[in-house]
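Going down the list, the protein sequences come from chains A and B.
Read in order, the letters of the first sequence correspond to residues 1 to 169 in the UniProt record's numbering.
Read in order, the letters of the second sequence correspond to residues 1 to 285 in the UniProt record's numbering.
Some hints here could point you the wrong way.
Computed Cβ-Cβ distance ranges for the label pairs, DEER-style [as the list claims (entries may be wrong)]:
(1) Gly86/A x Pro157/B: 46 to 56 Å
(2) Asp150/B x Ala82/A: 36 to 46 Å
(3) Ile62/B x Asn127/A: 19 to 29 Å
(4) Met1/B x Gly142/A: 23 to 33 Å
(5) Gly26/B x Glu97/A: 52 to 62 Å
(6) Ile62/B x His96/A: 33 to 43 Å
Please keep in mind that the hints were generated in silico from the structure rather than gathered at the bench.
Note that the structure is predicted; figures quoted are calculated from it, not measured.
Positions of the beta carbon are idealized from the N, C-alpha and C atoms, including for glycine.
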Amino acid sequence: MKSELDIMLTVDGAEERTTVEPRMLLIQALREKLGVKGPHIGCESGRCGACTVLVNGEAVKSCMMLAAQADGAKITTAAGLAAEDGTLHPLQQAFHEHHALQCGYCTPGMLCAAMDLLKTNPKPNENDVRQALRGNLCRCTGYQHIVDAVLSAAGTLGSGASAVKGAAE
Amino acid sequence: MIPAAFDYARPATLEEAASLLSQEGGAALLAGGQSLITELKQRRASPRAVIDLNSITELSAIEHGPDGVRIGAMVRQAELLRDGTVQKRLPLLCETGAAAGDPMIRRLGTLAGALCEAEPGGDWVAAALALEAEVEIYGKGSTRRLSAADFVTGTKPAGGLQGEIVTAVHLPYQKKDSRSTYRKVKHNAVGWSIASAAISLEPGEGGACRKARIAVSGAPSHPQRLPALEAALTAGPYEAEHLRAAIEEALDGLTFRGDHYASADYRRTRLGILLSRTLQELLAA
Ligand SMILES: Cc1cc2nc3c(=O)[nH]c(=O)nc-3n(C[C@H](O)[C@H](O)[C@H](O)COP(=O)(O)OP(=O)(O)OC[C@H]3O[C@@H](n4cnc5c(N)ncnc54)[C@H](O)[C@@H]3O)c2cc1C
Ligand code: FES
Ligand code: FES
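Hey, can you work out the whole structure from these sequences and the hints?
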């Protein structure tokens, strides 16, 4: 039984060590202990998805996991998706091109959830994308452009088309 | 939302976890954490210690047998839904799982944890009841098994667990000719069930069902089967009128819960409509 733990995380490629109380959530360790500000805190109750990160490649809500549980894990945040020289990941580029964000609060979580989807299902249809993102809330976009961006990154959206028939470009 | 302080251990074996559990009065077991961590944050639970089951690899296996599957307690819901044989032989479980939470919750959450939590609106619980799951429980050096119906009775802790650990959930495969579905009226904002039903029917002779399993969740005080309605369907035949009466009778036997999401009356009404439509659809299929 431990009341304090030394943990090691690889965050976006960098090895980080820190000491946490068992009650500390992964999102708190990332933001407050390690200064990793990619993942956001929205609801802190598992509903909004703003805190989503990839833990060993799988999207999880980092407010629903203890930092202690992630000891030894490889964490990828949205900020870690771009190449080292700053070139955007194709998914990020698609978000940019499709105006898939307004305030951007949900975006880090959306990107991580979509990364996970494209890993397990590289050619999703619109319903697959909507299902994959149902745990990520966006107050701004109405989701359509986010869905378009993910489909476009997957190469399943014809150029210039919207997933909604007849939707204005 | 910061939990109260607790000590933490991550044992590597079941024995080690069991012995920690017996040493530490008031310790909580952590599986996927998708219910427990919320309780810790809201301080509805303030255990002195948390015993993390996530490193116990012996709890992570999906084992298929000739008639059913044994699902280790730490198998993630997402992994279960991806399993090809589960998809083929347990369509009701997969349909239910797709309606429960979201992909990230399912990445961490476990079926066993959902049964232990036994939420009044639990989707997984309803499926486990309708599929006649059995819960395998380890403690004091021995193993016992409880049917899902004896495990989820509305009292806490589910299964009357005392210093015990759920090691697996056993599910018999669905019959090839069975007709099943999970239908859920969900609260639009939070996604939890207002009223839902997991139904599995095996068609029989002369319009009656060979077997009927109907489990409801969300609306009643706790998820449960409706044995009288099941019996009415196996007695058959089921004209619309007969069915309506049998549903009303089953609903009369339930206590409905009401809260800030939906009143007891509304839940009852929605459950009645859902049962009647879904059963008619399955019976006509
Ligand atoms: C935002 C959100 C939305 C959700 N939506 C839904 C939904 O729509 N439908 C639905 O059905 N569920 C929903 N859930 C709940 C989710 O399915 C949980 O994963 C599940 O209820 C609990 O499983 P877990 O493995 O995370 O258990 P944990 O949270 O780790 O544990 C739950 C409880 O069971 C005990 N326990 C766990 N494993 C064992 C074991 N092996 N032996 C003994 N005791 C054990 C724990 O001590 C704890 O008391 C939602 C959760 C969240 C956060
Ligand atoms: S902050 Fe984690 S889901 Fe909202
Ligand atoms: S862009 Fe503002 S919340 Fe999604």
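Here is what the structure says about each hint:
Taking the beta carbon of each, Gly86/A and Pro157/B are about 52 Å apart, inside 46 to 56 Å as hinted. About 53 Å separates the C-beta atoms of Asp150/B and Ala82/A, a value inconsistent with the hinted range of 36 to 46 Å. Separated by about 26 Å at the C-beta atoms, Ile62/B and Asn127/A satisfy the suggested range of 19 to 29 Å. For the pair Met1/B and Gly142/A, the beta carbons lie near 29 Å from each other, so the given range of 23 to 33 Å is met.
Hint check: Gly26/B to Glu97/A, Cβ distance near 54 Å, so the stated range 52 to 62 Å holds. Taken as a hint, the range 33 to 43 Å holds for the pair Ile62/B and His96/A, whose Cβ atoms sit roughly 40 Å apart.
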